[in-house]
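Counting from 1, position 231 in the sequence shown corresponds to residue 231 in the numbering used here; the numbering is continuous, with no gaps.
Simulated from the structure, these hints should not be mistaken for laboratory data. Any given hint could turn out to be false.
Label pairs and their calculated CB-CB ranges [said to hold, decoys possible]:
hint : residue 1 : residue 2 : range
1    : Asn137    : Lys29     : 33 to 43 Å
2    : Asn212    : Lys263    : 15 to 25 Å
3    : Lys208    : Pro236    : 40 to 50 Å
Cross-link-like lysine-lysine pairs, in silico, DSS-like; alpha carbons within 25 Å at most [as the list claims (entries may be wrong)]:
hint : residue 1 : residue 2
4    : Lys126    : Lys87
5    : Lys233    : Lys51
6    : Lys59     : Lys263
7    : Lys29     : Lys234
8    : Lys160    : Lys92
9    : Lys59     : Lys29
10   : Lys51     : Lys234
11   : Lys92     : Lys72
12   : Lys153    : Lys208
13   : Lys234    : Lys87
Note that the structure is predicted; figures quoted are calculated from it, not measured. C-beta: ideal position from N, C-alpha, C; glycine also.
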Amino acid sequence: MLRTYLADLPALMLLGGALLSTASLAEDKSILLQSTTSTANSGLYDYLLPKFTAETGIKVNVVAVGTGQAIKNAQNGDADVLLVHAKPAEEKFVADGFGVERFDVMYNDFIIVGPPSDPAGIAGMKDALAAMTKIANQQAVFASRGDNSGTHKKETQLWKDADIDPTQASGGWYRETGSGMGATLNAAVGMGAYTLTDRATWISFKNKGDYNVLVEGDPSLFNQYGIILVNPKKHPHVKVAEGQAFIDWILGDEGQKAIADYKLDGKQLFFPNAKR
Numbered sequence: 001m002l003r004t005y006l007a008d009l010p011a012l013m014l015l016g017g018a019l020l021s022t023a024s025l026a027e028d029k030s031i032l033l034q035s036t037t038s039t040a041n042s043g044l045y046d047y048l049l050p051k052f053t054a055e056t057g058i059k060v061n062v063v064a065v066g067t068g069q070a071i072k073n074a075q076n077g078d079a080d081v082l083l084v085h086a087k088p089a090e091e092k093f094v095a096d097g098f099g100v101e102r103f104d105v106m107y108n109d110f111i112i113v114g115p116p117s118d119p120a121g122i123a124g125m126k127d128a129l130a131a132m133t134k135i136a137n138q139q140a141v142f143a144s145r146g147d148n149s150g151t152h153k154k155e156t157q158l159w160k161d162a163d164i165d166p167t168q169a170s171g172g173w174y175r176e177t178g179s180g181m182g183a184t185l186n187a188a189v190g191m192g193a194y195t196l197t198d199r200a201t202w203i204s205f206k207n208k209g210d211y212n213v214l215v216e217g218d219p220s221l222f223n224q225y226g227i228i229l230v231n232p233k234k235h236p237h238v239k240v241a242e243g244q245a246f247i248d249w250i251l252g253d254e255g256q257k258a259i260a261d262y263k264l265d266g267k268q269l270f271f272p273n274a275k276r
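Let the hints inform the model, and build the full structure from the sequences given.
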């Protein structure tokens with residue numbers, strides 16, 4: 001009997017290994033979320049995701065990069081879910097077959113911040129295009145993310161709508177950092193430059209110095225966030241059930257309430273607006 005058992009041991013070990021592997025896969029309830037620096041750096045995910053995990057047992061691993069890079073990563077299959085803020089690019093992502101369906105999640109707004117000296121004289125303006133035009137005309141230093149992020153896409157669109165090509169002044173009054181929002185804000189403060197930022201990052205940003213919000217309230221500065229399940233037809237490894245569970249939760253009553261409840265210094269950073 002001992003000889004028979006020993007003879008069968010390799011097969012039993014293989015079977016045991018397969019069972020352990022299957023059990024490990026069953027327990028690996030996690031998804032990869034490609035998202036933006038604004039949602040991560042603001043602390044929103046630190047507040048939201050433990051609630052989702054406690055309810056579902058699904059862990060959300062976040063990769064926080066600029067929207068353009070997040071979309072590229074998702075196109076390459078390095079994501080189960082995409083949550084970013086550049087609606088035209090998101091819609092193209094779905095139209096090109098990389099995403100299943102796009103849903104609005106929440107919004108806030110963009111603002112132009114700058115030094116108290118305000119060399120372009122834009123403080124208090126409600127017209128973002130007029131403010132950008134004054135900055136360009138005065139050749140006042142402007143720090144751009146220059147990284148194809150959602151914020152950079154918005155800035156580029158504002159310059160285009162104002163019929164201005166600031167890249168002709170690249171390295172002069174127009175400074176491209178190629179960095180995230182926090183690093184760009186640090187650079188702007190260090191250079192005495194204006195910059196465009198999302199409000200959530202600004203509220204959570206610690207190195208404001210004597211900088212102020214100078215331009216806000218223009219409807220063109222509206223900042224919408226959307227969520228998309230990566231298409232398993234393009235990438236079969238996508239965790240559809242877990243990814244859809246996260247989407248359903250964040251678009252549902254509990255997720256939307258959690259977004260509304262998240263505040264820093266008494267200020268609400270994001271405003272839920274999901275429509276199912």
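Query - Hints that the structure is at odds with (numbers, increasing) - result: Result: hints 1, 5 and 10 break, sorted rising.
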